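Chain A is already provided as a structure; the job is to place chain B on it using the hints.
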Amino acid sequence: MSKATVLVLSAALWGAPAFAQVDFSGEWAPLYHENGPERLPGPELGDYTELPINDAARLRADSWDADRISVVEQYQCRPHGSDYALRGLGNMRVWREIDPATQRLVGFHTHMLAWDSERTIYMDGRAHPPEYANHTWQGFSTAVWEGNMLTVTTTHLKENYLRRNGVPRSDQAIVTEHWMRHGDYLTVVTVIDDPVFLTEPLVRSDNWYLDPGQHIGIFGCEHAPELPKPEGAVPNHLPGTNPYLREVSEWYGLPYEATRGGAETLYPEYRLKLNSYKAPPKCDRYCTCTTLFDCQLR
Amino acid sequence: MKLLTFAILCGSCAWGQVQSQDAVHVFPVQGNVSMLVGPGGNTTVQMGKEGIVVVDTQTAAVAPQVMAAIRKLAIPPDTPIIWVINTSLDADHISGNEALLRLGGSNEASLRARVITHENVLNRLVAAGPGQARVADAASINDTYFRSPKDFLFNGEAVMVYHIPAAHTDGDSIVLFRRSDVISSGDIFTPDRYPVIDLANGGSVQGLLDGLNKILEMAVAGKYQEGGTFVVPGHGRLCDEADVVEFRDMVAIIRDRVQDMLKKGMALEQVKAAKPSRDYDTQYSGSPDVFVESIYKSLATPRKP
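Sequence lines, in order, name chains A and B.
Per numbering that gives the first Met the number 0, the very first residue in the first sequence carries number 0; after that it's consecutive.
Per numbering that gives the first Met the number 0, the very first residue in the second sequence carries number 0; after that it's consecutive.
Chain A extracted, bound-state conformation:
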């Protein structure tokens, strides 16, 4: 081997950037086998199960009136935050951005069906913005490789929801995601640390399969006054007056206390407290719910 060949090979090897161990690029179709009723038709009012929320979050959700989505015009076209976007209408396109000069990975971009939300996950080592910078629905994301797993950290999120029934997630939350690809399947585990509304991190997972034929259409949304209401009206339930909070416990035969969420309810030991639990005689609400169109409503 000549010296020149060695030099060329060395340059090629040394010049190969510390590149993505895994490429997430492609069209990804969501799998709704987990938490289908929450993610497709939408959560029941008053269902706070599986959420390690504090009292502040609970009262905020109890006070939430769905009319707000319509009456407060600015809510009509409000998108999911990037932490929730992975859960609902989660058809996703992922593509890489490569620096043409260095061939290094600058980051991944995602496009979601819901609200056409687009997001950049930076991988070029840049710092997060200062605390006084503006926040966005997608937040500011950077990532590092941990083996074949991509670990994403997101800050600067706008206030939004942990669940679409008024359970809030604050703008101070820091979200960590772990992206893992296994062949044609993608799993993202999301860990939400919210010092305002959670007593411990909320951990959730979502899954996709590779669907090269997927076509994501245009979402589109334009807000407009839908009802004659006084200027500045903010629909809300006064504490103790929301009539819908017990529905979920009655429909599913769950103790009311168990539907109120909180860290304690996440752990197996909590089953010991559910002595009064009676399973419904037969399932008649959201019994099968694996796609958008087969959720059985009562």
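It should be emphasised that the hints constitute simulated quantities derived from the structure, not laboratory data.
Fair warning: this is a prediction, and the values are worked out from it, not measured in the lab.
As a list, the in silico DSS-like pairs of lysine-lysine whose alpha-carbon atoms are at most 30 angstroms apart:
1. Lys263/B <-> Lys228/A
2. Lys296/B <-> Lys228/A
3. Lys296/B <-> Lys271/B
4. Lys296/B <-> Lys274/B
5. Lys274/B <-> Lys228/A
For the chain A half of the interface with chain B, some residues (derived, Cβ under 10 angstroms), not all of them:
6. Arg59
7. Glu72
8. Gln73
9. Cys76
10. Ser116
11. Pro128
12. Ala132
13. His134
14. Trp136
15. Pro167
16. Ser169
17. Gln171
18. Phe218
19. Glu230
20. Val233
21. Asn235
Virtual Cβ for every residue (Gly too), placed ideally from N, Cα, C.
What follows is chain B alone, placed relative to chain A:
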């Protein structure tokens, strides 16, 4: 020697902390407008060939840092301050006026700057009793307006100053930089802390909500409720319309709760004990009791026509 070293190290540590706490950070917003984030709150600046507009000057103590931040942005660095607008009578918005303009040095244009506020601000500063420091603040103001909006064209864009009656105080202004599409809100909007409804200086909860609704009326969000018009708050991070909505909703919901308790005949102490803001207390800094009390008293006192 060890003692000396310790003293030097500690001294430098303390100095470093002071420097850090007093630092004024520059954050470009959009168009000709930038936000200066300091220990006394936020200053908004608009600059161009004609000079500089400054909205709120923070305190005299940080004037050198505010001026240094302005010099970083200005081209040329000695571009004069031509307009100063104070959004309220609070010391952290107004007490830097004189010191900041003096730092313009020999720049005569800066010494002749128009310092403007709503006339209620000047009236209240002048009415302050003898021995109060606000006389100096009053002296730093050389112009007032009473018809809203006060507007002028500067650096090729309309600058519109709106009076928001009886909100945080009765002399609040918000400033719209129309071409840059940025609103400087003063203390009507403080995204990370409960608003101060200064009843003694003419504030009211309904006026505060009216002011927030006015901002929402003026702001136009970008695609899917993000960006578009930016809002520089009196304190806290840069925001847009969606952030103002969250804050307005918080004030409206707590107002509704206190109003309901008032209708039930509950006394102030009973209302405070019921903690009507308890689901917001983990999110907003400041005293919930003071905020709730100001809402209660504001609702219990009929508004002047």
